[in-house]
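Keeping their order, the protein sequence lines are chains F and W. Letter by letter, the first sequence follows residues 1 to 395 of full-length UniProt numbering. Letter by letter, the second sequence follows residues 1 to 395 of full-length UniProt numbering.
Worth flagging that the hints you see were computed from the coordinates, not collected in a lab. Treat the hints loosely; a few may be bogus.
[What the hints assert, rightly or not] Under the rule of at most 25 Å between Cα atoms (straight-line distance), these lysine to any residue pairs were calculated in the SDA-like manner: (1) W:K326 - F:A381; (2) W:K201 - F:Q207; (3) F:K201 - W:S121; (4) W:K360 - W:D243; (5) W:K201 - F:S314; (6) W:K326 - F:G306; (7) F:K201 - W:D104; (8) W:K326 - F:K201; (9) W:K97 - W:G10; (10) F:K326 - W:G313; (11) F:K201 - W:D319; (12) W:K97 - W:K201; (13) W:K278 - W:S121; (14) F:K326 - W:Q207; (15) W:K97 - W:G300; (16) W:K326 - F:E322; (17) F:K201 - W:A315; (18) W:K97 - W:D243; (19) F:K326 - W:K278; (20) W:K326 - F:P192; (21) W:K201 - F:G316; (22) F:K201 - W:D243; (23) F:K326 - W:A315; (24) W:K201 - F:S382; (25) W:K326 - F:E379; (26) W:K326 - F:Q207.
[What the hints assert, rightly or not] Derived list of chain W stretches under chain F, where covered just means 3 residues or more per stretch with a C-beta under 8 Å from a C-beta of chain F: (27) 52-61; (28) 89-95; (29) 349-356.
Ideal Cβ placement from N, Cα and C applies to all residues, glycine included.
Chain by chain, the residues:
Number of protein chains: 2
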Amino acid sequence: MTYRILNDAGLRDWLAEQPELSKRLGGVASDWSIREVSDGNLNTVFLVDGPAGALCCKQALPHVRVAPDWPMPLERALYEARYMRAVAPAVTGLMPKLFAYDADLFLLVMECLTEHEVLRSALIEDQAEPGFSAVIGTYVARTVQATGWVNQPFETGARLLEQFSGNTALTRITVDLILTDPYRICDRNPEPEAGLADDVKALQTDQILHRAVGRLQDRFLTARQALLHGDLHTGSIMLDGTDVRVIDGEFATMGPIGFDCGLYLGNLALHLCAAPQKAVALRAEMVAFWRSFSEELRSGLQDGSGDMWALSGSAGRQDLIETFLKDILRDTAGFCGLEMIRRTVGFAQVADYSLCSTEKDRLLARQKALQIGRTLIVEGASLRSFDGVLSLMGL
Amino acid sequence: MTYRILNDAGLRDWLAEQPELSKRLGGVASDWSIREVSDGNLNTVFLVDGPAGALCCKQALPHVRVAPDWPMPLERALYEARYMRAVAPAVTGLMPKLFAYDADLFLLVMECLTEHEVLRSALIEDQAEPGFSAVIGTYVARTVQATGWVNQPFETGARLLEQFSGNTALTRITVDLILTDPYRICDRNPEPEAGLADDVKALQTDQILHRAVGRLQDRFLTARQALLHGDLHTGSIMLDGTDVRVIDGEFATMGPIGFDCGLYLGNLALHLCAAPQKAVALRAEMVAFWRSFSEELRSGLQDGSGDMWALSGSAGRQDLIETFLKDILRDTAGFCGLEMIRRTVGFAQVADYSLCSTEKDRLLARQKALQIGRTLIVEGASLRSFDGVLSLMGL
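Kindly produce the complete structure, drawing on both the sequences and the hints.
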């Protein structure tokens with residue numbers, strides 16, 4: 001069957017033809033309630049409730065949902081399905097289950113997280129139960145173990161490179177919106193808010209910054225260390241109490257591990273700029289993220305049986321792991337800085353700034369994010385410990 | 001038509017059915033003389049002469065030619081054809097022309113280099129006209145410009161990753177024979193020649209060396225900088241006076257640029273160990289290689305319009321290029337060392353050692369190669385200039 005944009009009725013008809021999915025919902029098609037809950041920038045999302053259970057159905061549109069004149073290849077849904085299948089065994093319970101993927105409709109059918117809230121919203125409402133960052137650290141470390149070169153024969157990584165390098169439509173967004181646009185004059189950049197024009201101009205003429213961004217562009221494009229989520233911000237995470245799930249893996253690509261870490265930490269740091277009174281709690285989240293990430297990685301890589309490091313005995317491997325973690329830390333700092341800047345002045349900004357109660361507060365918050373972002377980008381490459389990252393954030 | 005191993009008659013019949021190739025040969029099929037000249041480890045090669053011209057036909061066998069019980073997927077011919085097509089526009093005149101690729105027969109039909117000699121043989125016979133290394137330096141730099149991230153939109157590199165990551169059968173050979181086997185006990189390792197057993201054992205128990213090899217494994221697998229030839233030794237180069245051509249691109253994969261540089265220099269250094277009286281000439285070749293490579297790269301990347309370094313002005317870009325070259329230099333030293341060691345004690349050793357007139361000389365030559373190789377691997381990562389490489393080689 002060829003692609004068509006599904007509405008409630010179309011989705012109902014399609015689901016009724018899928019015996020396994022119908023069984024999960026229970027009853028008959030007319031018993032099911034369907035509501036559209038599209039929230040992200042790119043896709044339509046429906047929640048379907050039946051007598052026996054619920055499903056989440058996510059369909060790719062041929063354009064950006066919030067910008068219909070920006071075409072966007074449908075294949076991103078395929079990459080999201082591939083991502084979920086590639087990492088699911090390693091992160092059971094940390095992402096929704098994928099029940100089905102329809103290659104014609106570019107439609108994913110997943111476990112429904114009805115009770116969960118998007119982490120960004122929970123943070124803004126100050127309702128996130130502390131400790132979520134430790135789960136995310138574990139999540140990233142486990143995806144690295146499942147897809148990197150240390151724990152797997154090199155053919156595993158080669159296959160992932162083959163399967164994900166074609167995800168160029170979404171990687172182009174990353175290359176443009178994160179790695180380039182905020183540092184140049186560009187139609188996609190929104191008009192800066194009052195008082196920020198000089199700061200934006202400074203970003204576009206700062207040669208020291210541009211050189212450091214160039215090194216991060218190099219890292220993003222050439223350092224193919226593991227399969228990245230590729231868009232791991234606080235809007236790609238849902239939680240219900242201590243149940244934390246990562247969603248929206250459509251940006252998946254092989255890349256530098258610090259990219260996932262940096263985007264996550266960058267979004268916590270953006271929240272910190274908008275809500276500096278929460279510094280203690282946010283610092284604790286960042287520390288918990290890095291601790292769980294690095295501890296999980298240390299233990300996971302200690303006995304890795306991949307081709308990379310295959311010769312190393314126990315002591316040699318520990319040395320390699322520590323060097324590896326230091327390199328990840330440096331990338332993390334740089335990508336964290338890029339995320340802070342692009343989410344402050346770029347095409348897709350964060351809602352966290354709505355926490356600022358006055359225009360002046362918001363301006364100061366944005367300026368602080370730009371300043372921390374710049375420092376992380378320029379000085380990140382010489383960091384030696386995670387405390388150094390916190391220190392550059394003023395924590 | 002399905003795959004079959006071609007003999008003279010089978011090749012003649014097939015060529016007769018290809019109008020364009022028949023026309024290049026001239027006359028009719030019975031006028032053509034065909035002789036098998038298979039020389040490498042993996043494939044059969046035929047030279048076909050006709051009244052109007054000649055062709056070189058290379059067919060992949062389903063096993064290693066010199067080890068019929070070692071199966072080897074036919075697809076390597078496809079990757080060689082892809083490699084030639086990917087780099088041909090950038091290296092016109094520096095590789096044979098590819099006239100046809102038959103996907104069923106896994107057969108490449110190329111320009112015939114009748115007057116050319118393999119560089120390794122020419123070196124052994126002391127008949128190579130000096131200056132060939134400058135051409136190879138240019139060749140590597142131009143392939144980098146055509147396939148790296150600085151001069152091309154990132155989609156080009158992504159497509160190359162997609163097209164070449166599946167070349168796992170031959171990359172597995174690299175991972176095993178170059179990056180792993182010489183440093184462990186392994187059935188594929190030949191019995192060391194008399195007097196070398198202790199040196200081989202030392203390689204297998206040297207933890208400092210193993211740690212450094214681990215870092216190079218990491219570089220080879222994760223640093224996907226440009227499309228590599230992947231097997232750029234002196235047996236993959238043919239020359240006729242000053243006409244120098246690179247052949248045998250079947251190991252092609254995206255990888256660290258220093259891998260191609262290091263393999264080439266490593267083979268010159270192996271020749272040096274076997275023929276130390278030629279030190280002045282070989283030093284000059286090495287200097288010429290690095291000079292032409294780095295100068296071509298400097299000028300080629302100065303105006304690159306890729307996504308990587310897109311923000312850099314002239315001064316910033318020069319700085320990025322110099323850092324880039326220094327990183328390539330360090331990789332080069334390490335991979336050079338790996339090549340020297342594996343070609344001295346590993347599965348596929350070099351004929352250059354036949355130049356040693358006594359067993360004792362040969363033993364000393366091999367020991368010197370192992371010592372230089374180890375030093376390059378362990379100390380390469382802290383080099384700051386090409387003179388440092390020469391100095392580690394005692395030049």
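Open item on the list: Checking one constraint from the list: CA of W:K326 to CA of F:P192, max 25 Å. Satisfied?
Closed with: Violated, because 39 Å separates the two Cα atoms, which is more than 25 Å.
Open item on the list: W:K360 and W:D243 were given as a pair; does the straight-line alpha-carbon distance stay at or below 25 Å?
Closed with: violated (37 Å)
Open item on the list: Please verify the coverage claim for the stretch 349-356 of chain W: does it have three or more residues whose C-beta sits within 8 Å of some C-beta in chain F?
Closed with: violated (count 0)
Open item on the list: Run the distance test for F:K326 versus W:A315: straight-line Cα separation, threshold 25 Å.
Closed with: Answer violated: F:K326 to W:A315 is near 29 Å, above 25 Å.
Open item on the list: For a C-alpha distance cap of 25 Å, please report whether F:K201 and W:D319 respect it.
Closed with: holds (23 Å)
Open item on the list: Hint check: W:K326 vs F:E379, CA-CA at most 25 Å. Holds or violated?
Closed with: Judged against 25 Å, a Cα distance of about 20 Å means the pair holds.
Open item on the list: For W:K326 and F:Q207, compute the direct alpha-carbon distance and say whether it is at most 25 Å.
Closed with: holds (21 Å)
TODO: Mind checking the alpha carbons of W:K326 and F:G306 for me, to see if they're no more than 25 Å apart?
DONE: violated (29 Å)
TODO: Below or equal to 25 Å on CA atoms is what counts here, so check F:K201 against W:D243.
DONE: violated (53 Å)
Task: Holds or violated: W:K201 to F:Q207, with C-alpha atoms at most 25 Å apart - done: violated (52 Å)
Open item on the list: Does W:A315 sit within 25 Å of F:K201, going by the straight-line distance between their CA atoms?
Closed with: holds (20 Å)
Open item on the list: Please check whether the stretch 52-61 of chain W has three or more residues whose CB lies within less than 8 Å of a CB on chain F.
Closed with: violated (count 0)
Consistency note: the structure conflicts with the earlier hints numbered 2, 3, 4, 6, 7, 8, 10, 12, 19, 20, 22, 23, 24, 27, 28, 29.
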